[in-house]
Amino acid sequence: MIKGSLEQFFTSVLAVFIGLLIGAIILWITGYNPLTAYGLLAKSSLGDHHSIIETLNAMTPIIFTGLAAAVMFKSALFFIGMEGQLYVGALFAFIAGYMIQLPPIIHMAIALLAGGLGGLLWGLGPGYLKAKFGVNETVISIMLNWVAIYLTDYVVLYVFPDPKATITRTYKISPTAVLPRISSNLPLNWSFILAVLTAILTGFILYKTTTGYEMRVVGFNPRAARVAKINVERVYLKTFLFSGFLAGLAGSSMILGVFNSIPYRFSPGYGWDGITAALIAQNNPYFVLISSLLLAVLRTGSFGMMVGIGVSSDLILVIQGVVLVAASTPGAYSLITRYLKSWRGVKT
Amino acid sequence: MNIGLIISLLSSTLRLGTPIALAALGELVTEKSGVVNIGIEGIMIIGAFFSVVATYITNNPVVGVLVGIIVGILFGALHGLLSVYLYAGQIITGIGVTILGYGLTNVGNAIIWGQPGFSVGVSTIPSIIIRVDGNVFSLSPITTLTLFLAILLHFILKYTWIGLRLKSAGEDPEAADVAGINVFRLRTLASIFGGALAGFSGAYLGVDWSGRFISYMSAGRGYIALASVIIGGWTPLATTLISYVFGFFDALQLILAQIYGRQIAPQMFQIIPYIVTSIIFVFFFRKSKPPASIAKPYKRE
Amino acid sequence: MEMVNIHKVYPDGTIALRGVDLEIYEGEILGLLGENGAGKTTLMKILSGLLKPTKGVIKIHGDIVEFKSPKDALRYGIGMVHQHFTLIPNLTVLENIVLGYEPKVKGLFIDMSKAVEKLKKLMELTGFKLDPYVQVSSLPVGFKQMVEILKTLYKDVKLLILDEPTSSLTPIEVKQFFNALRKLKEHGVTVVFITHKIKEVLEITDRIVVLRKGRVEGVVKTIEANPPLLAKMMIKLESKPLLKTKHAPGSDILIVEDLWVRGDDNRYAVKGVSFKVREGEIYGIIGVEGSGQKELVEAIVGLRPYERGRIIIDSKDKLLAYIPPDRTIEGLVLEMRVYENSELGIHRFFTSKASIIDMKRVIEHCKKLIEEYSIIVPDIKAQTRFLSGGNQQKLVVARELSKGSKLIIAVNPTRGLDIEATNSVRRLLLELRENNKAVLLVTSDIDEALEVCDRVGVIFEGKLIGEELAEALTEEKLGLLMGGVTIS
Chain A
0 MIKGSLEQFF TSVLAVFIGL LIGAIILWIT GYNPLTAYGL LAKSSLGDHH
50 SIIETLNAMT PIIFTGLAAA VMFKSALFFI GMEGQLYVGA LFAFIAGYMI
100 QLPPIIHMAI ALLAGGLGGL LWGLGPGYLK AKFGVNETVI SIMLNWVAIY
150 LTDYVVLYVF PDPKATITRT YKISPTAVLP RISSNLPLNW SFILAVLTAI
200 LTGFILYKTT TGYEMRVVGF NPRAARVAKI NVERVYLKTF LFSGFLAGLA
250 GSSMILGVFN SIPYRFSPGY GWDGITAALI AQNNPYFVLI SSLLLAVLRT
300 GSFGMMVGIG VSSDLILVIQ GVVLVAASTP GAYSLITRYL KSWRGVKT
Chain B
0 MNIGLIISLL SSTLRLGTPI ALAALGELVT EKSGVVNIGI EGIMIIGAFF
50 SVVATYITNN PVVGVLVGII VGILFGALHG LLSVYLYAGQ IITGIGVTIL
100 GYGLTNVGNA IIWGQPGFSV GVSTIPSIII RVDGNVFSLS PITTLTLFLA
150 ILLHFILKYT WIGLRLKSAG EDPEAADVAG INVFRLRTLA SIFGGALAGF
200 SGAYLGVDWS GRFISYMSAG RGYIALASVI IGGWTPLATT LISYVFGFFD
250 ALQLILAQIY GRQIAPQMFQ IIPYIVTSII FVFFFRKSKP PASIAKPYKR
300 E
Chain C
0 MEMVNIHKVY PDGTIALRGV DLEIYEGEIL GLLGENGAGK TTLMKILSGL
50 LKPTKGVIKI HGDIVEFKSP KDALRYGIGM VHQHFTLIPN LTVLENIVLG
100 YEPKVKGLFI DMSKAVEKLK KLMELTGFKL DPYVQVSSLP VGFKQMVEIL
150 KTLYKDVKLL ILDEPTSSLT PIEVKQFFNA LRKLKEHGVT VVFITHKIKE
200 VLEITDRIVV LRKGRVEGVV KTIEANPPLL AKMMIKLESK PLLKTKHAPG
250 SDILIVEDLW VRGDDNRYAV KGVSFKVREG EIYGIIGVEG SGQKELVEAI
300 VGLRPYERGR IIIDSKDKLL AYIPPDRTIE GLVLEMRVYE NSELGIHRFF
350 TSKASIIDMK RVIEHCKKLI EEYSIIVPDI KAQTRFLSGG NQQKLVVARE
400 LSKGSKLIIA VNPTRGLDIE ATNSVRRLLL ELRENNKAVL LVTSDIDEAL
450 EVCDRVGVIF EGKLIGEELA EALTEEKLGL LMGGVTIS
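These protein sequence lines are chains A, B and C, in that order.
For the first sequence, numbering that gives the first Met the number 0 begins at 0 and goes up steadily by one.
For the second sequence, numbering that gives the first Met the number 0 begins at 0 and goes up steadily by one.
For the third sequence, numbering that gives the first Met the number 0 begins at 0 and goes up steadily by one.
The set of hints was computed from the structure by calculation and includes no laboratory data.
Quick reminder that beta carbons are idealized off the backbone N, C-alpha and C, glycines included.
Hints are supplied without guarantee of correctness; some may be wrong.
Unchecked claim - Simulated DEER-style distance windows between Cβ atoms:
#: 1; chain 1: A; residue 1: Leu20; chain 2: B; residue 2: Ser287; range: 35 to 43 angstroms
#: 2; chain 1: B; residue 1: Lys295; chain 2: C; residue 2: Asp110; range: 28 to 36 angstroms
#: 3; chain 1: C; residue 1: Ser314; chain 2: A; residue 2: Phe8; range: 45 to 53 angstroms
Stated by the list, open to error - For lysine-lysine, the following BS3-like pairs were computed, each having C-alpha atoms within a straight-line distance of at most 30 angstroms:
#: 4; chain 1: C; residue 1: Lys315; chain 2: C; residue 2: Lys275
#: 5; chain 1: C; residue 1: Lys67; chain 2: C; residue 2: Lys143
#: 6; chain 1: C; residue 1: Lys275; chain 2: C; residue 2: Lys317
#: 7; chain 1: C; residue 1: Lys120; chain 2: C; residue 2: Lys174
#: 8; chain 1: A; residue 1: Lys228; chain 2: B; residue 2: Lys157
#: 9; chain 1: C; residue 1: Lys380; chain 2: C; residue 2: Lys196
#: 10; chain 1: B; residue 1: Lys288; chain 2: C; residue 2: Lys270
#: 11; chain 1: A; residue 1: Lys228; chain 2: C; residue 2: Lys359
#: 12; chain 1: C; residue 1: Lys196; chain 2: C; residue 2: Lys212
#: 13; chain 1: C; residue 1: Lys275; chain 2: A; residue 2: Lys228
#: 14; chain 1: A; residue 1: Lys207; chain 2: C; residue 2: Lys380
#: 15; chain 1: B; residue 1: Lys295; chain 2: C; residue 2: Lys154
Go ahead and model the full structure; you've got the sequences and the hints to work with.
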């Protein structure tokens, strides 16, 4: 492997390891057996046919938000509003699925795209402001997350609430917009396949097309991009639109594939999971497929852990936070190698 | 509008602006030195949680505040050490600390109080009560402290060697290094200071404002504080002022929800502070210039 | 003061010093002479505590001392003025000078009046005159150099190290500056003067140490030294003089007429510049840094808007070959692979339908560049940061020339390169001239301008104040023009 990539790979693996380790320490301090807890986590996410399907279902939106984050970070944009875009995407997909009448396949496609469009539109404002005026995208993205969540709450509670439902949710969408299962005895819907294909397509765009090339150049060195006559502002805008579309798809895949309605606060934080997934994958879309599986395992497993021994499922937020902190310090790698070298130096 | 309403609006403005101002003042010092900590949101929620836990155990909110500050110092130090000595990508570290903060406090809350969402009530820092025409105006001592701190920082940054060295580290760390200033130590200390105030701000939320821990109670205030620093142009007085402007809209939202809550859904009010912050942020963003070397790790050789 | 058997290996494996012994006597002006990359700066950075030697020790009056930071060195009265400024533009002159050594009142506040008093004494001593309360960003380059020196002297320095202090000064300023050095010597300050300019060491120093490739090549008393001797010691190998054939220039390719361009501070940086570059000639623009050449080039290559005047490029090329002043900032993306950098700026020409990049063709193109310009590359899939500086520069040059455009704009293309790389770049420029290309060479190196160019325009405070044939110019004449003195 080439020098730089090995370093990056090592950083990611180390970061995940540290995250799990600190999670274990917290479990231990608070009186749980970490091995039992992690065993339960693995068993309830990968232990049987049913739980594997559940994990793959959780993986679908994380792939989408992970790709959205990877694309953003590749262009060195720190927009972290994927959670909000996921909600807006869900809203749009719901409206398309509930309010329009169309024949099956077309309806699904339109509703899916509507979700992507929702996410795209939600990113349009900050994208334009960043491209045109250089307005810092990070702060705005957090503000927009809250606005999106409250707006969705409003729609769920006041606009389309289903009074007959046992949980707080909207009406169901029209059956023509519901994404079918891949096969009748497999409760996994087609959006999973779509997510995997999207990851491959995103990788292709980033590494094999001019648009992707320009995004990477801008991300690493915007000044050199300008000298090379790349329109940096346009690249920023493209990134926002592309990433927003992907994050919106996360929302529509959940509504059309899993819930068929919008339940109150339905996302356990898949937008944030995507950010972690992207960083573990070093913003490489192909690797997002692996890292989002890891996060999906944590997500699904954490519920099993909660039911089994009563640990809050938010423990995985702790693990994720630590993974991010650890992954943000590539300097640690060179520090360790230097340390090892100096040891070797002492011996000889 | 009657006088009672105005007094209550003013009182709430001071109450709700304080956590933003405290965190913002800390972040201002951190950023002046050249480090960005967007994880103050996470440090706030952790500070809030541990201050409530400490008060729950000791029944003394002052101990709660101190514990909040200490926890803030620890996380500020973590961020500082990673950013300064391991050249961390500071934005990512900050996002990590935010997520970590939400997770840690939710897990802890469930363990200690056995219920998700919120803790039991604990005693709070007593407020200063002023009566005007039979209307109660309550002022937290922490608010007074915050205003005093803003003025103090103004003088420290402007007239002392500490201010000069902070500025030099944030503008041009290499030049500062050559001038014999320990940029690494200075930046770490500035991060610790920022963490301490973020923890303090969280403690205020926990054992002054609400008297209990509530999941996600920082509610993006850490990020609003970041916006205040930018709009305030990295000066303490302007930053504090803008923090209280945001506090005003938060207060306005609560009061409007009280008055019109029956006719209009509460969500329509809840989004007001976030929208107002965004709008003000967009309008004033271009006018302020950050320290030249902000968020850039400094390496020798 | 003594440095014994100093070795320095940088973390990236570059060997800068291979066992240097150096003695410095109290009260002398010592010249440290050598080519770029000879190790002069590294040696002095070690003496001033900024770098730690890999091996070797520093002795003061026979005692071994160890410096962990510049502060330790300053405790022994050793201070260094660096080649590139270490001033903070947003601070005032006074703030810059006291930074890190602030006189304090009540432990917290800065005693500005005490600082000003001390500064005034130093200004008297050196003959420098400055307003302590202006922002450094508003000072011209020559004044910034004064601030640098005052800043170091403020710390009660007894041994003053100056790294290429004259590189940004005009000849008149250099005279002033040498007078100040002589005054300092009278007051007992020892000076180490790092330079690659033979003339200057002969003028100002008492003793000369010549460094070459990390070793001491020789030590001579200045009165016993002469230019050929020093040059031989510096370079050892007589470098072949570049061959410049007679060549008649053709039609105008680049025409700049009455151009006005604003700088970053919104003031005019270029004030009505006009010139032409013809095919088959190298037109040089020379000036002290900050004279407006940066803005002028940025306007020509389209990175900066211009307000008045015209820029006409009379060729059919769509692309402009542009060799930027700083390859790592403007010319390359160090984190990307070598072959990805070989297509930067021309990447649109390697696409098939639907804007998909044809990687095979990019790799072929890259391999061709590597072969043609003998660039040393570990692997074309390696990140570009793993290439040496010279090879990075060659990659930029190769890529830009592969555009095949008629007009080539090069800004300081040999800066920071060793002699060999410098010569190969200069030879390339001359080759382009042979091939009837039009070359605009912006440089701050007098030798380069005289050696390579056909015609030279001198830029001073945003104006072209002289345009001459290179053979009609001498070093002295060019130096005067760069300082704004027009010859009538």
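Straight-line alpha-carbon gap Lys120 of chain C to Lys174 of chain C, limit 30 angstroms: Holds: Lys120 of chain C and Lys174 of chain C sit about 21 angstroms apart, inside 30 angstroms.
Is the straight-line distance between the alpha-carbon of Lys207 of chain A and that of Lys380 of chain C 30 angstroms or less? Judged against 30 angstroms, a Cα distance of about 15 angstroms means the pair holds.
Going straight from one Cα to the other, do Lys228 of chain A and Lys157 of chain B come out at no more than 30 angstroms? Status violated; Cα separation ~42 angstroms.
Could you grab the alpha-carbon distance between Lys275 of chain C and Lys317 of chain C and see if it respects the 30 angstroms cut-off? Holds, at roughly 19 angstroms.
Lys275 of chain C and Lys228 of chain A were given as a pair; does the straight-line alpha-carbon distance stay at or below 30 angstroms? Cα-Cα ~24 angstroms, so holds.
Measure nothing beyond the straight line between the CA atoms of Lys288 of chain B and Lys270 of chain C; if it is 30 angstroms or shorter, mark the hint as holding. It holds: about 28 angstroms lies between the C-alpha atoms, which stays within 30 angstroms.
For the hint 28 to 36 angstroms, verify it against the beta carbon of Lys295 of chain B and that of Asp110 of chain C. 32 angstroms, holds
For a C-alpha distance cap of 30 angstroms, please report whether Lys380 of chain C and Lys196 of chain C respect it. With Cα atoms ~40 angstroms apart, Lys380 of chain C and Lys196 of chain C exceed 30 angstroms; violated.
Next pair to validate is Lys228 of chain A with Lys359 of chain C; report whether the Cα-Cα distance is within 30 angstroms. Roughly 23 angstroms separates the two Cα atoms, so the pair holds.
Range agreement (Cβ of Phe8 of chain A with Cβ of Ser314 of chain C, hint 45 to 53 angstroms): Given a distance of about 47 angstroms, which is inside 45 to 53 angstroms, the answer is holds.
Under the criterion that the straight-line Cα-Cα distance not exceed 30 angstroms, is the pair Lys67 of chain C, Lys143 of chain C satisfied? 28 angstroms, holds
Measure nothing beyond the straight line between the CA atoms of Lys315 of chain C and Lys275 of chain C; if it is 30 angstroms or shorter, mark the hint as holding. Given pair Lys315 of chain C, Lys275 of chain C holds - Cα atoms ~17 angstroms apart, limit 30 angstroms.
This entry does not satisfy hints 8 and 9, going by the numbered hints stated previously.
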